[in-house]
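Asker: Sequence:
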Amino acid sequence: CFPSAVLTSVLLISLWCKSMAFTSTYKSIAPHQRLQQVNEVTTMANFKQSIPTHRGLCAYRVEAPTQAESLENPKEIGTEMITGVEEKVPTTMSNALRTFFVGGNSGPILVVASIAFLSYVRLCKITPVISSSDGIIFAISIIFWWFQEHFMHDKLLHSNFNWVGKSIHQTHHDKPYFHVSIDPPALVLGWLWTVHFLLRSLLPLPWAFSATIGYAIAGLFYEWAHYIVHTKVRLKKNSLFRQIRDNHIRHHCVNNKYWFSFSVPGIDDLMGTNPTVQQARRLREKERV
Numbered sequence: 005c006f007p008s009a010v011l012t013s014v015l016l017i018s019l020w021c022k023s024m025a026f027t028s029t030y031k032s033i034a035p036h037q038r039l040q041q042v043n044e045v046t047t048m049a050n051f052k053q054s055i056p057t058h059r060g061l062c063a064y065r066v067e068a069p070t071q072a073e074s075l076e077n078p079k080e081i082g083t084e085m086i087t088g089v090e091e092k093v094p095t096t097m098s099n100a101l102r103t104f105f106v107g108g109n110s111g112p113i114l115v116v117a118s119i120a121f122l123s124y125v126r127l128c129k130i131t132p133v134i135s136s137s138d139g140i141i142f143a144i145s146i147i148f149w150w151f152q153e154h155f156m157h158d159k160l161l162h163s164n165f166n167w168v169g170k171s172i173h174q175t176h177h178d179k180p181y182f183h184v185s186i187d188p189p190a191l192v193l194g195w196l197w198t199v200h201f202l203l204r205s206l207l208p209l210p211w212a213f214s215a216t217i218g219y220a221i222a223g224l225f226y227e228w229a230h231y232i233v234h235t236k237v238r239l240k241k242n243s244l245f246r247q248i249r250d251n252h253i254r255h256h257c258v259n260n261k262y263w264f265s266f267s268v269p270g271i272d273d274l275m276g277t278n279p280t281v282q283q284a285r286r287l288r289e290k291e292r293v
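In the working numbering, the protein residues as written are 5 to 293.
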């Protein structure tokens with residue numbers, strides 16, 4: 005039973021990793037393409053505007069500029085010029101996967117191990133039967149994570165009151181945009197297992213394990229999504245991760261009061277935090293006055 009549980013977990017993670025590779029290319033970004041002060045044309049249907057880019061914190065160049073990317077009005081950037089020394093970050097998917105799972109931060113691989121352990125206990129120690137209720141609980145826990153992402157990013161990490169989480173998140177914003185961003189193992193595992201024992205106090209034991217497994221997979225996806233959009237890996241146009249990165253670059257470089265979602269960018273539409281770039285710039289300028 006244990007091999008079956010581990011195999012199930014490995015297959016889930018393998019399928020997930022293959023989907024990451026499918027949405028990305030494996031080509032490195034040419035150095036001359038990285039820090040051009042141009043506007044990248046976005047691919048999202050509701051964002052025809054361009055993303056402001058410049059050297060420093062928001063240095064962002066992953067495609068060769070086209071004729072549509074005009075250098076006119078270079079002052080219309082709408083962000084501060086924040087300089088800093090960039091970290092060395094992955095530029096290919098293979099390097100990104102290696103750094104994420106075995107690059108020194110043990111958080112992601114420990115989450116994979118936790119998923120395998122939870123699957124083993126659920127299937128081998130509790131019951132091997134997986135009911136439709138388990139599937140529903142599993143799905144609900146993932147959907148819950150999607151909205152939790154937005155709520156915590158908006159209301160806690162960008163809160164109107166000061167606390168340690170906000171300070172840590174501000175440090176993340178103060179860094180050059182391209183850097184390796186993976187949450188530490190203590191935070192990741194502490195959060196995951198706290199949620200697990202909370203679920204055990206609220207749900208029947210089989211459901212609690214099913215919910216925790218779904219929650220952990222959703223959390224691992226978030227960790228990957230946030231990590232990959234801060235690297236220089238070239239992402240395919242119209243892919244999910246390209247959309248996530250486009251939104252996140254706006255969050256960092258246009259107005260950090262908008263674009264809080266990761267796993268499902270459309271949640272920003274539902275929550276009213278997906279304005280046009282021009283609207284977000286105007287709102288930011290009003291706040292400065």
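Source of the hints: derived by calculation from the structure; they are not laboratory data.
Accuracy of the hints is not assured; some may be wrong.
[Said to hold, decoys possible] Cut-off 30 angstroms, straight-line C-alpha distance, at most; resulting in silico cross-link-like pairs (DSBU-like, lysine-lysine): (1) K92 - K179; (2) K261 - K179; (3) K170 - K159; (4) K92 - K170; (5) K240 - K261; (6) K290 - K92; (7) K179 - K159; (8) K170 - K261; (9) K290 - K170; (10) K159 - K261; (11) K290 - K159; (12) K241 - K179; (13) K261 - K290; (14) K129 - K261; (15) K92 - K261; (16) K261 - K241; (17) K179 - K240; (18) K179 - K290.
As the structure is a prediction and not an experimental result, all values here were calculated from the model.
Asker: Flag every earlier hint the structure violates by its number, smallest first.
Answerer: As far as the earlier hints go, 6 and 14 are violated by this structure, in ascending order.
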